[in-house]
Amino acid sequence: MINTGSGHFFEDFRLGQTIRHATPRTITAGDVALYTGLFGARFAVQSSSAFAKAIGYPDMPVDDWLVFHIVFGKTVPDISLNAVANLGYAGGQFLAPVYAGDTLTATSEIIGLKENSSRKTGVAYVRTHGCKQDGTAVLEYVRWVMVNKRDPAAPAQGDHVPRLPDAVEPRLLGAACPPINLKAYDFILSGSPDRYGDYAVGQKIDHVAGITVEEAEHQIATRLYQNTARIHFDQFNAAQGRFGRRLIYGGHAISLARALSFNGLANAFHVAAINGGRHVAPLFAGCTVFAWSEVLAKAELPGRDDVGALRLHTVATKDQICASFPLKAGDGDDPAVILDLDYWALLPR
Amino acid sequence: MINTGSGHFFEDFRLGQTIRHATPRTITAGDVALYTGLFGARFAVQSSSAFAKAIGYPDMPVDDWLVFHIVFGKTVPDISLNAVANLGYAGGQFLAPVYAGDTLTATSEIIGLKENSSRKTGVAYVRTHGCKQDGTAVLEYVRWVMVNKRDPAAPAQGDHVPRLPDAVEPRLLGAACPPINLKAYDFILSGSPDRYGDYAVGQKIDHVAGITVEEAEHQIATRLYQNTARIHFDQFNAAQGRFGRRLIYGGHAISLARALSFNGLANAFHVAAINGGRHVAPLFAGCTVFAWSEVLAKAELPGRDDVGALRLHTVATKDQICASFPLKAGDGDDPAVILDLDYWALLPR
Amino acid sequence: MINTGSGHFFEDFRLGQTIRHATPRTITAGDVALYTGLFGARFAVQSSSAFAKAIGYPDMPVDDWLVFHIVFGKTVPDISLNAVANLGYAGGQFLAPVYAGDTLTATSEIIGLKENSSRKTGVAYVRTHGCKQDGTAVLEYVRWVMVNKRDPAAPAQGDHVPRLPDAVEPRLLGAACPPINLKAYDFILSGSPDRYGDYAVGQKIDHVAGITVEEAEHQIATRLYQNTARIHFDQFNAAQGRFGRRLIYGGHAISLARALSFNGLANAFHVAAINGGRHVAPLFAGCTVFAWSEVLAKAELPGRDDVGALRLHTVATKDQICASFPLKAGDGDDPAVILDLDYWALLPR
Numbered sequence: 001m002i003n004t005g006s007g008h009f010f011e012d013f014r015l016g017q018t019i020r021h022a023t024p025r026t027i028t029a030g031d032v033a034l035y036t037g038l039f040g041a042r043f044a045v046q047s048s049s050a051f052a053k054a055i056g057y058p059d060m061p062v063d064d065w066l067v068f069h070i071v072f073g074k075t076v077p078d079i080s081l082n083a084v085a086n087l088g089y090a091g092g093q094f095l096a097p098v099y100a101g102d103t104l105t106a107t108s109e110i111i112g113l114k115e116n117s118s119r120k121t122g123v124a125y126v127r128t129h130g131c132k133q134d135g136t137a138v139l140e141y142v143r144w145v146m147v148n149k150r151d152p153a154a155p156a157q158g159d160h161v162p163r164l165p166d167a168v169e170p171r172l173l174g175a176a177c178p179p180i181n182l183k184a185y186d187f188i189l190s191g192s193p194d195r196y197g198d199y200a201v202g203q204k205i206d207h208v209a210g211i212t213v214e215e216a217e218h219q220i221a222t223r224l225y226q227n228t229a230r231i232h233f234d235q236f237n238a239a240q241g242r243f244g245r246r247l248i249y250g251g252h253a254i255s256l257a258r259a260l261s262f263n264g265l266a267n268a269f270h271v272a273a274i275n276g277g278r279h280v281a282p283l284f285a286g287c288t289v290f291a292w293s294e295v296l297a298k299a300e301l302p303g304r305d306d307v308g309a310l311r312l313h314t315v316a317t318k319d320q321i322c323a324s325f326p327l328k329a330g331d332g333d334d335p336a337v338i339l340d341l342d343y344w345a346l347l348p349r
Numbered sequence: 001m002i003n004t005g006s007g008h009f010f011e012d013f014r015l016g017q018t019i020r021h022a023t024p025r026t027i028t029a030g031d032v033a034l035y036t037g038l039f040g041a042r043f044a045v046q047s048s049s050a051f052a053k054a055i056g057y058p059d060m061p062v063d064d065w066l067v068f069h070i071v072f073g074k075t076v077p078d079i080s081l082n083a084v085a086n087l088g089y090a091g092g093q094f095l096a097p098v099y100a101g102d103t104l105t106a107t108s109e110i111i112g113l114k115e116n117s118s119r120k121t122g123v124a125y126v127r128t129h130g131c132k133q134d135g136t137a138v139l140e141y142v143r144w145v146m147v148n149k150r151d152p153a154a155p156a157q158g159d160h161v162p163r164l165p166d167a168v169e170p171r172l173l174g175a176a177c178p179p180i181n182l183k184a185y186d187f188i189l190s191g192s193p194d195r196y197g198d199y200a201v202g203q204k205i206d207h208v209a210g211i212t213v214e215e216a217e218h219q220i221a222t223r224l225y226q227n228t229a230r231i232h233f234d235q236f237n238a239a240q241g242r243f244g245r246r247l248i249y250g251g252h253a254i255s256l257a258r259a260l261s262f263n264g265l266a267n268a269f270h271v272a273a274i275n276g277g278r279h280v281a282p283l284f285a286g287c288t289v290f291a292w293s294e295v296l297a298k299a300e301l302p303g304r305d306d307v308g309a310l311r312l313h314t315v316a317t318k319d320q321i322c323a324s325f326p327l328k329a330g331d332g333d334d335p336a337v338i339l340d341l342d343y344w345a346l347l348p349r
Numbered sequence: 001m002i003n004t005g006s007g008h009f010f011e012d013f014r015l016g017q018t019i020r021h022a023t024p025r026t027i028t029a030g031d032v033a034l035y036t037g038l039f040g041a042r043f044a045v046q047s048s049s050a051f052a053k054a055i056g057y058p059d060m061p062v063d064d065w066l067v068f069h070i071v072f073g074k075t076v077p078d079i080s081l082n083a084v085a086n087l088g089y090a091g092g093q094f095l096a097p098v099y100a101g102d103t104l105t106a107t108s109e110i111i112g113l114k115e116n117s118s119r120k121t122g123v124a125y126v127r128t129h130g131c132k133q134d135g136t137a138v139l140e141y142v143r144w145v146m147v148n149k150r151d152p153a154a155p156a157q158g159d160h161v162p163r164l165p166d167a168v169e170p171r172l173l174g175a176a177c178p179p180i181n182l183k184a185y186d187f188i189l190s191g192s193p194d195r196y197g198d199y200a201v202g203q204k205i206d207h208v209a210g211i212t213v214e215e216a217e218h219q220i221a222t223r224l225y226q227n228t229a230r231i232h233f234d235q236f237n238a239a240q241g242r243f244g245r246r247l248i249y250g251g252h253a254i255s256l257a258r259a260l261s262f263n264g265l266a267n268a269f270h271v272a273a274i275n276g277g278r279h280v281a282p283l284f285a286g287c288t289v290f291a292w293s294e295v296l297a298k299a300e301l302p303g304r305d306d307v308g309a310l311r312l313h314t315v316a317t318k319d320q321i322c323a324s325f326p327l328k329a330g331d332g333d334d335p336a337v338i339l340d341l342d343y344w345a346l347l348p349r
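Chains as they are written, first to last, in our numbering: chain E, 1 to 349; chain Z, 1 to 349; chain Y, 1 to 349.
If you're looking for bench data, these hints aren't it; they were derived computationally from the structure. These figures come from a predicted structure and were not determined experimentally. Incorrect hints may have been included.
Cut-off 25 Å, straight-line C-alpha distance, at most; resulting in silico cross-link-like pairs (SDA-like, lysine to any residue) [stated by the list, open to error]:
1) LYS149/Z with VAL208/Y
2) LYS53/E with LEU296/Y
3) LYS53/Z with TYR99/E
4) LYS149/E with ASP12/E
Just chain E, same shape as in the assembly (with noise of 0.2 Å):
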């Protein structure tokens, strides 16, 4: 019997399985242009390898988000491929950065199973590793993600909920980010005066601009990550299912919301930590998105002294500016939310 890539379901994981990812994938400059024509972030660190020179680093990196993707990506026809719904994310750090010429591989580890009582599901929290071609750690991550069962009857092979850190320690920021050299570090050519000692914890920001998504560019992103969750990409059984039509990564919306977030924090130029995320409401081509930022608190980083870390509440919208900061509607989400997102970025201080 051929494998044709079924993906597992939920009683096919155990607790402590280990599972290589595959199709290993080398980022090139070509992944980098075509992430910059999807999104249009303009930090100056990812867009300039002369300004990423100056400042410390031996060439640009490579996008945080883009290496997520391309890591998440592989996990798919393993983890989620028979998923109901992606749930959260937490424990998130990158670890190195990713240069053009690196090749990704990603493995992941089962680190906790629940079922549901409905015994027709469960959720399996995974911990994600992202290496390089020289087993340099790059970036790792727990997801949790309700996973169908293939049969109702069949038994779990664990239960165990994994204790989740709330965020990220700050002592454990800055591994993916050289020291900075602030003298060569220019506020005109990154866009903004603003850096770590000009936000304050409680600040909200709105970031202004709204990008409407095409079905053509989400496609395109998410097979650039080598992502095949097939309700990304096939209308034609999308029709027959819950929404109607094909669903977009919920990456999508974070790199949106990244790119968003220029306008408030261009030089927040570096995401080192994922604390928690959530995809609140789903979202279509033709919506168009808008973001804003909270500022959940501010730490130095031990024994450095170029760059601080902001942690964020980054949200984003569908079809809704967010001028007045649209996040709860009576006890539950405002509709208009689809993306809640808790990160670490790192800027100079």
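Mind docking chains Z and Y on chain E? Use the hints.
Relative to chain E, chains Z and Y alone:
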């Protein structure tokens, strides 16, 4: 009179004529990335320089069909700008691997001409050669195409139908595949344990997933190849035509089918030869493409024990899943079938 | 107060002001490939490093208009985020070739300011310089743009309309074109035998083919240039606006017209200067763009016998073929005309 690229008509071709085509094209990492974004293929050899180098390539090779499309694209302004239909392919061989940085040029020879009885059109048989900057042949293939005449009264410049092989002989396969170090071929990273010996003649494989095509996608792809066939790009004129809309380049369906075929043929890492192919029905934006394959034959390669060849019949459909392997309906083609392709692919032994 | 990039209003500009623009941008092979995919130009010099090297370039140069769009894009957040309309261009000169790997930055000078009688808007005249990482000037041009005032009562910071040249003088052309080795210029590979001497002043050329524009395409292109003008990306707000839909970046029509102009101008391999340009009417997704050109003048370049310059008037239309060279209708513009561009292009002699 300035040349504005009106193309040749059937009576302009003469038997034995050789045409050097315009626009040499350097393939770069950018082309490779965009091709990945458009089709999402996951074959490890073309995705990872680390994987490719480990098994014996000097670098990751460019996807075989991307090479084909670029060579084919060069021929369009001279051969098929005034074509009615691309009728078939035969005798296609990939002769050397192509790497980012290589520049491709194409030359064609008119090897057959057969005017149709209406005298309004004729069939031209064309053997095309693709070469690198140093003269290395990378690809050759024959296609035949029905071309309009400018003037029905004009005499055809030849009357000859060439004999074409039903299939490329196994002894001719493998020129574009260096010796493969099987010890270094990682069957986890490649996505499947299935190798040459695991396939049986007659075996049918449903590639399961489907991909919906958007206008922007096929236009970007086809322009990437510098293919100038107007029916793919010009809705204003297409609106008045036979279909009322833009027709997708037939090669787009080939690349989609190839990408889909990873589900079941993950280790068929190299397309070595094209035995034949037919664009059975037109494909339009909005349709979802599915595919299935049958193993027509197996062949060892003389003097090589690293790889073996599967002769594959890959069928693509629109808006119909392939679980039941659709092909014929009564005496004709199943109306869902758009592509019927016969080729040799190499797998590790 | 955090800077969220709200841009300048007319009264913020002052005569003589110099603005260094944000986000230095390294152009890579990825940008070049994506640009090819979006427009499909076939000029041999920009398509093939082998061809470019043979005739005297150290490598294939980046398409002139891609350089222009990236430099232009940098100016948008500072100059035209609050613009009503981009009124015109003058005095554009390409000053050095750009290669993959070069990093571009842009600086603008306010050379004229003229408030409109309504006091709600004014026209700013801006000279922009694009430079490489080593300070080499690659492009300069003037544009004038109607910009909103924040406060109609605020005084304008100057009242001066600069004198601008009708056309760039031939003695200023060619700085970005190295000496061309005509013996190595292959007129088969370049796609046409027509060289400088084959064109006559007054000659009109229909570029024949048409290209339909999709929303995803112009959004990807405009983001690739990091151009942040919101009207190109935000359907949610555009729906409430004057057109009810996203407006395509004017430069998109320029690149389409340039790509189409290969049919008839295949050897006009380098745009040396921009004499003037006007976006006559808005372009929307779904429209098909056609183009034609007239040779306005011919010029030899002082001290050079390798290349000559054609002064070209290229007109682009939407949803109208150009066989009859549409331009005027009665006293005004033909309603199909979207672009009226006057530039110098170099051809082999």
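Against the structure, the hints:
1. Taking the CA atoms of LYS149/Z and VAL208/Y, the gap is about 19 Å. The hint holds against a cut of 25 Å.
2. Between LYS53/E and LEU296/Y the CA atoms are separated by roughly 46 Å; this puts the pair beyond 25 Å, and the hint is violated.
3. Between the alpha carbons of LYS53/Z and TYR99/E the distance comes to roughly 19 Å, so the proposed pair stays at or under 25 Å and holds.
4. About 8 Å separates the Cα atoms of LYS149/E and ASP12/E, which keeps this hinted pair within 25 Å; it holds.
Of the numbered hints stated above, the single one contradicted by the structure is hint 2.
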